[in-house]
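Enquirer: For the sequence shown, counting from 1, position 103 maps to 103 in UniProt numbering; every step adds exactly one.
Just so you know, these hints were derived from the structure itself, not from any lab. By construction, the Cβ of each residue, glycine as well, lies at the ideal position given by its N, Cα and C atoms. Keep in mind that a hint or two might mislead.
To be verified - DEER-style ranges, computed between Cβ atoms:
| id | residue 1 | residue 2 | range |
| --- | --- | --- | --- |
| 1 | K41 | D84 | 23 to 29 Å |
| 2 | G100 | K18 | 27 to 33 Å |
| 3 | K96 | S60 | 15 to 21 Å |
Stated by the list, open to error - BS3-like, lysine-lysine: derived pairs with alpha carbons at most 25 Å apart:
| id | residue 1 | residue 2 |
| --- | --- | --- |
| 4 | K101 | K41 |
| 5 | K50 | K73 |
| 6 | K88 | K73 |
| 7 | K88 | K32 |
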Amino acid sequence: MTGNKMVMTDLLKPEEIKKALDAFAAETFDPKKFFEMVGMKAMSAENVKKVFQVLDVDGSGFIEEEELKFVLKGFSKDGRDLTDAETKAFLTAADKDGDGKIGIDGKRKVSKCFQFILQKDTKRR
Numbered sequence: 001m002t003g004n005k006m007v008m009t010d011l012l013k014p015e016e017i018k019k020a021l022d023a024f025a026a027e028t029f030d031p032k033k034f035f036e037m038v039g040m041k042a043m044s045a046e047n048v049k050k051v052f053q054v055l056d057v058d059g060s061g062f063i064e065e066e067e068l069k070f071v072l073k074g075f076s077k078d079g080r081d082l083t084d085a086e087t088k089a090f091l092t093a094a095d096k097d098g099d100g101k102i103g104i105d106g107k108r109k110v111s112k113c114f115q116f117i118l119q120k121d122t123k124r125r
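Model the full assembly from the supplied sequences, consistent with the hints where possible.
Expert: Next up, the structure:
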């Protein structure tokens, strides 16, 4: 931890973060694949909530579109900004109630931002 503020490397392996950041050039970001690559799919719901709190830069309890654009910087200072199209696609995938922001689901204590990542893929090929 840096001071009292948790940082992403307190929760995830730096080498997995770097590999995931390097995997997505502009206009190719896939949040579900990214979060799987950094190891979030195997995390407890409590640790997923901690990741959300690191990404909630202003501490509002929500990740708004403006914060979402810089979400990769939350994983590493070297992370790139998401393009406008990537930001909107991410928000659409994660904002299940359509309020334009991603918040914490109080019932499950897991951010709705990451619920779609933690859910098992039910589609069979």
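Enquirer: If a hint holds in the structure, say so; if it doesn't, say that too.
Expert: Hint check:
A beta carbon spacing of about 27 Å between K41 and D84 agrees with the range 23 to 29 Å that was offered as a hint. The hinted range of 27 to 33 Å is satisfied by G100 and K18, whose Cβ atoms lie roughly 31 Å apart. Checking the proposed 15 to 21 Å range against K96 and S60 shows it holds: the Cβ atoms sit about 18 Å from each other. Under the criterion of a C-alpha separation no larger than 25 Å, the hint pairing K101 with K41 is consistent with the structure, at around 22 Å.
Simply put, K50 and K73 have alpha-carbon atoms about 16 Å apart, close enough for the 25 Å limit, and the pair holds. Simply put, K88 and K73 have alpha-carbon atoms about 17 Å apart, close enough for the 25 Å limit, and the pair holds. Pair hint K88 plus K32 holds up; C-alpha atoms about 14 Å apart against a cutoff of 25 Å.
Going through the hint list in order, the structure satisfies each hint without exception.
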